[in-house]
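Protein chains in written order, with this note's numbering: chain B, 647 to 999; chain S, 134 to 407; chain A, 22 to 282.
These are calculated hints, taken from the structure and not from any lab test. Heads up, a few of these hints could be off.
Unchecked claim - Here chain A is said to cover these stretches of chain B; the calculated rule only asks that three of the stretch's residues, wherever they fall, bring their Cβ under 8 Å from a Cβ of chain A: (1) 719 to 733; (2) 744 to 755.
To be verified - Take a look, some chain B residues computed to stay more than 10 Å from chain A by CB distance: (3) Glu653; (4) Leu810; (5) Leu814.
Said to hold, decoys possible - Derived lysine to any residue pairs resembling SDA-like cross-links, with alpha carbons at most 20 Å apart: (6) B/Lys849 x B/Leu649; (7) S/Lys318 x A/Gly28; (8) S/Lys222 x A/Lys27; (9) B/Lys747 x A/Val193; (10) S/Lys222 x A/Ile31; (11) B/Lys999 x B/Arg878; (12) S/Lys357 x A/Glu246; (13) S/Lys322 x S/Leu305; (14) A/Lys192 x B/Leu699; (15) B/Lys992 x B/Lys849; (16) B/Lys750 x B/Lys797; (17) B/Lys994 x B/His939; (18) A/Lys30 x S/Thr218; (19) B/Lys869 x B/Lys994; (20) A/Lys192 x B/Asp700; (21) B/Lys747 x A/Pro202; (22) S/Lys303 x S/Lys322; (23) B/Lys869 x B/Leu915; (24) S/Lys251 x A/Asp55; (25) S/Lys217 x A/Lys27.
All residues carry an ideal CB built from backbone N, CA and C; glycine is no exception.
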Amino acid sequence: MSLISLEKITVGYGNNIILKDLDLKVEKGQLVSLLGPSGCGKTTTLRLIAGFLDLQSGKFIFDGKDYSHIPVHKRNFGFVFQSYALFPHLNVFENVAFGLKLRKVDKSEIKNRVEEMLKIVDLLDYANRFPAELSGGQRQRVALARALVIKPDLLLLDEPLSNLDAKLRVKMRVEIRKIQQELGITTVYVTHDQEECFSISDKVAVMNNGIIEQMDEPARIYKYPATEFVARFVGFENFIDLQLISKDDKTLVLKAKNNTEFVVDNLDLYKGIEPKKGAIRPDDLKISSIGSHEGSNAINGQVLVRTFLGRDYQYEVKTELGNFIVNHEALEIFEVGEKVSLYFPKDKIILVK
Amino acid sequence: MKKYSFYLLLAPGFIFLFVFAILPLIMVISGSFTTEEGITISRYIDFFKDGYYTTILLRTMKLSLIATIVAAVFGFPTAYYISKTNINKRGLYIAFAVFPMLTSPVVRSFSWMVILGKYGIVNNLLTKIGIIKEPLSLLYNEFSIVIGFVYLFMPLMILSLVGVLENIDKDLVAAAESLGATRFKAFMKVVFPLSIPGLIVGSVLVFTGSLTAYTTPQLLGGTKSRVLATVMYQNAMTLFDWDTAAVVATVMIVVTIVISGLINSFARRLDSRR
Amino acid sequence: MHKTSKGLKIFAFLVYFFLLAPLVIIVFASFGPDKSLTFPPRGFSLKWMANIFKVEMFRKTFLISIKISVIGTLIALVLGIPAAYALSRYNFRGKSFFNGIFLSPALIPGIVLGFSLLKYLVIYFKLPIYTSLLIGHVIIIIPYIIRVISSSLSNFDYSIEEASMSLGANKVKTFFTVVLPNIRSGVIAAFILAFINSFNNVPVSLFLTGPGLSTLPIQMLIYVEYNFDPTIAALSVILMAMTAVLMFIIEKTLGLSYFAK
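If we strip away everything but chain B, and leave its shape as in the complex, we get (with noise of 0.2 Å):
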């Protein structure tokens, strides 16, 4: 069972639905992203097994129990704010031990707790610091003990990295994570940084506009995205619409607007599902000169736009089917304007939704 299952949750009233029949389910011990790009929900979801937010239909089942209209403070689940949140007044020891002290912790035990905590996070020297004295980072690490502490259920963290700066980000995420692992704690994290979250994940959901697009692990999301919107999320840039023809235990034959034949390697999870559209890397798709590609899987096109971009070019493509974007490495390179034919390898298509 499910440590958190999230059924058919719908939040936002009238015009304004945010989240509309909502399913989620974590697994106890894993850590969980919410991604996607700003206004897809993640935060509201996460607000709402927070408690923050009451849903409007639906059920929120938390280790078995009904925890749909449990009050914030009665939860019990630890939750990092974007800003922190820190107490102003109050130092680091303090701000840390308000959980303990709520729940009627023994005083000799909140100082074990909380020096144990602050250590863990490396900031025992600054127990007698005021948040206003702390850098952005330090904050960042007092918030986390300071959830942490109290030994929650759950951990919830609400983008907790994007006011650092980018080289912090790397260190922190992988401090949190490594924290996350040794004791164990199911999380769920809120972030809109693709590269943030499928380094830490133990699964992935993209969101868009309200609903899971994908919920996988990171490397099957970035393998074989299920949706256009994912699929782009994750680096896909071209598409191409495409028709099912026929299709084998082995592979899938499909047809372009203009009748070229696409060939793609038949994936278990293609099985019931109808491919709408063919997609693939600018890395993977083959760029080279006129004519050395007919038939299935090419098309031909001219150079409109050239980028270098370090180790390769980086070419728009117009063809019939629309404007490719592919790479290339700089030892070969194409002018603009020049014709060029593009092939698409069949085991680098992906189709999607």
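Add chains S and A to chain B, keeping to what the hints say.
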């Protein structure tokens, strides 16, 4: 229940104000319209027919208006100056402008008695220099009341204006000048129009404050120059004519509401023109 | 930033002179030895300062005024802080109506309020005059509390409330342990501002005084109407010094630029 808990937060204060402030006020106003025979405006007719009272009403309005204009004319440049000072020093400037407001109106009016009195500073100075032989009667007339009002409410006008002027983007004047306006023109065409909301707020405060003030006209006006507030007190506590006092009170409230309403709607019309 | 013109600076300073000179004159006059108030004073004497304490009514009503204003402010804080919190934090139907009601005492002319309270609380409902005086002061104090506390809460980061709740505190506990401590300076400033305005009030106290009950401003008013000597100047100086001290405290807690609304 969680959704309506904030009404609980409002309840004690609201009930207190309603029972002890709003209700008695309503009763006074409605009482002025009631006699043993029923609802009547006879008292108001008597009030407005009586030259004594209409003189006082007009005088009070006139003096309040003059005070408002004087406060605006002198307060505006001062507020403008303050808004351009260094932000670190500004607090100090504001403090000095606000300090008089925190002293008792008795103290403030008293100081002008000292200055304007028959043996007061102005007269002493003028006699010493030799400009006059007999002391001037500067006190206990409309002149001294206006000075008193201005002294009392100028800080309010200044504060209202500084608030608004501070929020005007400094670059706007620079932009106007870069387009060819002189500093004065830039002020008139950019700063002044944008500061009108503050001017309106300040004017309403000064006018209504002066209209309803008691201490200052009592000390500086003497018996010859009564205003609404002093005549109301006289009716209530000296003559025990509570009915007339209630009428005066209602007139005061109505005039206050009408004038503020007029000024505010005038302000809104100016706003919508932009 | 443009250099402000000399003319404007001189004008502004003249206005400041107008505002502050009368008070300075009183300070000097209070130390003059003569009964008549002259300026510049012809000597230095503390006898008028001492005289203050000889006037029994000043001593008695000073204490009464302090009591009324302190108790009144405390009551107003209890009524006003939750209201200001509700008005700042939430959006709800009728918000502007409630906002208007809470700020209305500032719009009602003081003497009209005093008169209404006398007529209905004291005479009609036979409330004791002391209670009515206290009620009157609470009424005029409330708008100050609402304005200052609302201003303090206008930039409040309410996510610390959510943090507190997520750590196990219910709404009431959160209010007292997390919200209040962080508007402490606002509460202090509100207290001082409210206290000063209550202490100095004339119109409301005017009607609600009687045998055995009066406030210091009222006594000063009566004194001035019959005696014109520097005693009042001396008392004014002491009150001004008190005010200056309180203003200093406000500056240390809230910062004086608060005053520009």
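Comparing the hints with the structure gives:
Residue count for the stretch 719 to 733 of chain B with a Cβ under 8 Å from a Cβ of chain A: 12. That meets the three needed, and the coverage hint holds. Only when three residues or more bring their CB closer than 8 Å to a CB of chain A does the claim for the stretch 744 to 755 of chain B stand; here the count is 4, and the claim holds. Listed as a non-interface residue, B/Glu653 keeps its Cβ farther than 10 Å from every Cβ of chain A; the least gap is roughly 23 Å. With a minimum CB-CB distance of about 17 Å to chain A, B/Leu810 clears the 10 Å threshold, and the non-interface call stands.
Non-interface status of B/Leu814 relative to chain A is upheld: no Cβ of that chain comes within 10 Å, the nearest being about 21 Å off. Pair hint B/Lys849 plus B/Leu649 holds up; C-alpha atoms about 14 Å apart against a cutoff of 20 Å. Annotation: proposed proximity of S/Lys318 to A/Gly28 holds, straight-line Cα distance about 16 Å (limit 20 Å). Restraint check: the Cα-Cα separation between S/Lys222 and A/Lys27 comes to about 18 Å, which is no more than 20 Å; the hinted pair holds.
A C-alpha spacing of about 16 Å is found between B/Lys747 and A/Val193, which places the hinted pair at or below 20 Å, so the restraint holds. At roughly 17 Å between alpha-carbon atoms, S/Lys222 and A/Ile31 fall within 20 Å of each other, so this suggested pair holds. For the proposed pair B/Lys999 and B/Arg878, the alpha carbon gap of about 12 Å is at most 20 Å, so the pair holds. The straight-line distance between the Cα atoms of S/Lys357 and A/Glu246 is roughly 15 Å, inside the 20 Å bound, and the hint therefore holds.
Restraint check for S/Lys322 and S/Leu305: the C-alpha separation of about 10 Å stays at or below 20 Å, so the hint holds. The hinted pair formed by A/Lys192 and B/Leu699 meets the criterion: a straight-line CA distance of about 15 Å does not exceed 20 Å. With a C-alpha separation of about 28 Å, the suggested pairing of B/Lys992 with B/Lys849 is violated against the 20 Å cut-off. Taking the CA atoms of B/Lys750 and B/Lys797, the gap is about 14 Å. The hint holds against a cut of 20 Å.
At most 20 Å may separate the alpha-carbon atoms for a hinted pair to count; B/Lys994 and B/His939 meet this at roughly 16 Å. About 10 Å separates the Cα atoms of A/Lys30 and S/Thr218, which keeps this hinted pair within 20 Å; it holds. Straight-line distance between C-alpha atoms of B/Lys869 and B/Lys994 comes to about 9 Å, which keeps the hinted pair within the 20 Å bound. Between the alpha carbons of A/Lys192 and B/Asp700 the distance comes to roughly 16 Å, so the proposed pair stays at or under 20 Å and holds.
Between B/Lys747 and A/Pro202 the CA atoms are separated by roughly 17 Å; this keeps the pair inside 20 Å, and the hint holds. With a C-alpha separation of about 14 Å, the suggested pair S/Lys303 and S/Lys322 falls inside the 20 Å cut-off, and the hint holds. Proximity of B/Lys869 to B/Leu915 is assessed by CA-CA distance (about 12 Å); at most 20 Å being required, the pair is judged to hold. Taking the CA atoms of S/Lys251 and A/Asp55, the gap is about 16 Å. The hint holds against a cut of 20 Å.
A C-alpha spacing of about 13 Å is found between S/Lys217 and A/Lys27, which places the hinted pair at or below 20 Å, so the restraint holds.
Of the numbered hints given earlier, the model fails hint 15 alone.
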